[in-house]
Amino acid sequence: MNPVTPLYVSIAATVASILLILVVFELIRSRRLRERYALLWLATGVVLLVLSAWRGGLNTIAGWVGVTGYPPAVLFAVATLFIFAVLLHYSTVISKLADQNVILAQRLALLEQRVRREQEPQP
Amino acid sequence: MPEHRRVAIVPARNEEDAVAGVVEELRAYDPELDVVVIDDGSEDLTAERAAGAGAAVVSLPFNLGIGGAVQTGFKYALDHGYDTVIRLDGDGQHDPQQIPNLLAPLERDEADVVVGSRFAEGAGDYKPPFARRAGIRWFAQLVSLLTGQKLTDTTSGFQAVNTRAIRLFAADYPHDYPEVEAVVMVVRHRLRILEVPAQMRGRETGSSSITMLRSLYYAIKVTLALLVGIFRRRVVPLEESR
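Just so you know, the protein sequences line up as chains A and B, in that order.
Numbering-wise (our numbering), the first sequence opens with residue 1 and increments by one.
Numbering-wise (our numbering), the second sequence opens with residue 1 and increments by one.
Everything labelled a hint here was simulated from the structure, so no lab data went into it.
Since the model is a prediction, treat every value here as computed from it, not as a measurement.
Note that beta-carbon positions come from the ideal geometry of N, C-alpha and C, so glycine has one too.
Misleading hints may appear alongside valid ones.
Coverage of chain A stretches by chain B, computed from C-beta distances (three or more under 8 Å per stretch; other residues unrestricted) [what the hints assert, rightly or not]:
#1 16 to 29
#2 34 to 48
#3 103 to 110
Label pairs and their calculated CB-CB ranges [stated by the list, open to error]:
#4 A/V47 - B/I230: 43 to 53 Å
#5 A/L19 - B/T223: 18 to 28 Å
#6 A/E120 - B/R108: 48 to 58 Å
#7 B/F62 - A/L88: 46 to 56 Å
#8 B/R108 - A/V15: 28 to 38 Å
#9 B/D109 - A/V93: 20 to 30 Å
#10 A/L104 - B/Y217: 20 to 30 Å
#11 B/E43 - A/T92: 48 to 58 Å
Within a straight-line C-alpha distance of at most 25 Å, the following computed SDA-like cross-link-like pairs (lysine to any residue) qualify [what the hints assert, rightly or not]:
#12 B/K75 - A/L108
#13 B/K221 - A/Q106
#14 B/K221 - A/A79
#15 B/K221 - A/V93
#16 B/K221 - A/V86
#17 A/K96 - A/S10
#18 B/K221 - A/R29
#19 B/K75 - A/Q106
#20 B/K75 - A/L33
#21 A/K96 - B/R214
#22 B/K150 - B/K75
#23 B/K221 - A/I83
Put together the whole structure using the sequences plus the hints.
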């Protein structure tokens with residue numbers, strides 16, 4: 001007989017996924033999180049929610065990928081995968097922000113220099 | 001000093017072939033009208049061509065996207081005390097000759113935001129490709145549902161807005177496909193929005209910056225923003241914005 005996901009694990013994971021989705025929604029609503037950066041989190045929440053609540057599905061997928069002992073391990077694997085995706089995405093975002101920051105600082109410094117030069121009395 | 005202080009905001013990114021024509025057309029339409037081109041981090045000669053044609057040019061240090069560019073224009077208008085903003089795209093698809101149609105409802109104080117709709121009665125037969133039409137229709141229906149007002153074209157960048165809306169947009173303006181979310185914002189702040197029919201010309205040069213996969217991403221993103229938007233606090237208090 002195939003191993004199945006324990007009911008309590010399923011319930012706990014479902015609650016956790018719903019919490020994640022609610023927190024992300026609240027962060028968007030209060031403008032602390034832009035939609036652009038929230039989409040990946042919402043996808044994470046929805047996928048985890050489906051896998052947590054749908055025990056038959058989780059057991060089947062566990063069978064496909066050869067997880068024979070403990071089907072909820074698939075949940076961890078999927079969650080880890082999504083966390084990798086989010087982190088990688090954030091790394092690219094931070095790189096872009098760093099580049100833009102350099103451009104801003106250069107522009108500001110050049111502008112300041114020009115303003116100072118124009119304020120000085122002409123010799 | 002003219003009775004009204006009006007400014008045309010033209011967001012442009014890499015539109016060196018079209019932007020001068022747009023500015024010249026605007027100046028020919030009304031020499032009194034001030035024209036500001038928001039150069040959204042262009043890598044070509046957009047800024048030079050626009051300035052050469054007689055526009056004030058605000059060059060952003062890097063690409064902010066259409067929402068950030070247009071909002072720069074609204075902030076410029078607020079800073080310089082303009083009471084009316086006319087917004088049109090830098091690619092030449094909006095015809096300045098139709099500006100009076102947009103201004104009329106503002107002058108009669110019937111609306112705070114007037115949108116030139118490609119699909120309103122009498123707008124002619126604009127037929128975008130299937131995917132784009134589907135997207136436009138999806139947002140028109142969603143926005144109509146959320147605002148309780150029948151709207152046909154929520155992605156049109158051909159608009160005229162008065163002081164109240166300038167103040168709102170300078171304080172807060174959405175990012176991608178900003179027009180769609182802006183409609184919901186406008187209605188939530190109890191401002192009045194009105195569509196008038198407008199004909200668009202085909203793009204003169206360049207290609208639309210939206211590809212298939214990106215449009216799907218934007219569609220999902222903007223839908224999310226719309227749905228969350230109705231739960232948001234107002235950025236400008238009602239009594240101030242009315």
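Hint check results:
1. For the segment 16 to 29 of chain A, the stated coverage by chain B holds: 3 residues have a C-beta nearer than 8 Å to a C-beta of that chain, and at least 3 were required.
2. Counting residues of the segment 34 to 48 of chain A whose C-beta sits closer than 8 Å to any C-beta of chain B gives 6, which meets the bar of three, so the coverage hint holds.
3. Beta-carbon proximity to chain B at under 8 Å applies to 3 residues in the segment 103 to 110 of chain A; the threshold of 3 is reached and the given coverage holds.
4. For A/V47 paired with B/I230, a C-beta distance near 26 Å fails the hint of 43 to 53 Å.
5. For the hinted restraint 18 to 28 Å between A/L19 and B/T223, the CB-CB distance of approximately 23 Å keeps it satisfied.
6. A hinted range of 48 to 58 Å for the beta carbons of A/E120 and B/R108 is consistent with their spacing of about 52 Å.
7. The hinted window of 46 to 56 Å between B/F62 and A/L88 is violated, with their beta carbons roughly 22 Å apart.
8. Look at B/R108 against A/V15: about 55 Å separates their beta carbons, and that is not inside 28 to 38 Å.
9. The hinted range of 20 to 30 Å is not satisfied by B/D109 and A/V93, whose Cβ atoms lie roughly 44 Å apart.
10. Under the hint 20 to 30 Å, the C-beta atoms of A/L104 and B/Y217, about 27 Å apart, fit the expected range.
11. Between B/E43 and A/T92 the CB atoms are about 20 Å apart, so this pair departs from the stated range of 48 to 58 Å.
12. Pair hint B/K75 plus A/L108 holds up; C-alpha atoms about 19 Å apart against a cutoff of 25 Å.
13. A distance of roughly 33 Å separates the Cα atoms of B/K221 and A/Q106; the hinted pair therefore is violated under the 25 Å criterion.
14. Restraint check: the Cα-Cα separation between B/K221 and A/A79 comes to about 22 Å, which is no more than 25 Å; the hinted pair holds.
15. For a cut-off of 25 Å, the pair hint linking B/K221 to A/V93 stands: about 17 Å separates their Cα positions.
16. For the hint linking B/K221 to A/V86, the alpha-carbon distance of about 16 Å falls within 25 Å, and the restraint holds.
17. Between A/K96 and A/S10 the alpha-carbon distance is near 39 Å, which puts this suggested pair outside the 25 Å criterion.
18. At most 25 Å may separate the alpha-carbon atoms for a hinted pair to count; B/K221 and A/R29 meet this at roughly 14 Å.
19. Among the hinted pairs, B/K75 with A/Q106 is consistent with the structure: their alpha-carbon atoms are about 23 Å apart, no more than 25 Å.
20. For the proposed pair B/K75 and A/L33, the alpha carbon gap of about 23 Å is at most 25 Å, so the pair holds.
21. Our distance criterion of 25 Å between C-alpha atoms is met by A/K96 and B/R214, whose separation comes to about 19 Å.
22. With a CA separation close to 29 Å, the supplied pair B/K150 and B/K75 exceeds the 25 Å bound.
23. Restraint check for B/K221 and A/I83: the C-alpha separation of about 20 Å stays at or below 25 Å, so the hint holds.
Violated hints for the displayed structure, listed by number in ascending order: 4, 7, 8, 9, 11, 13, 17, 22.
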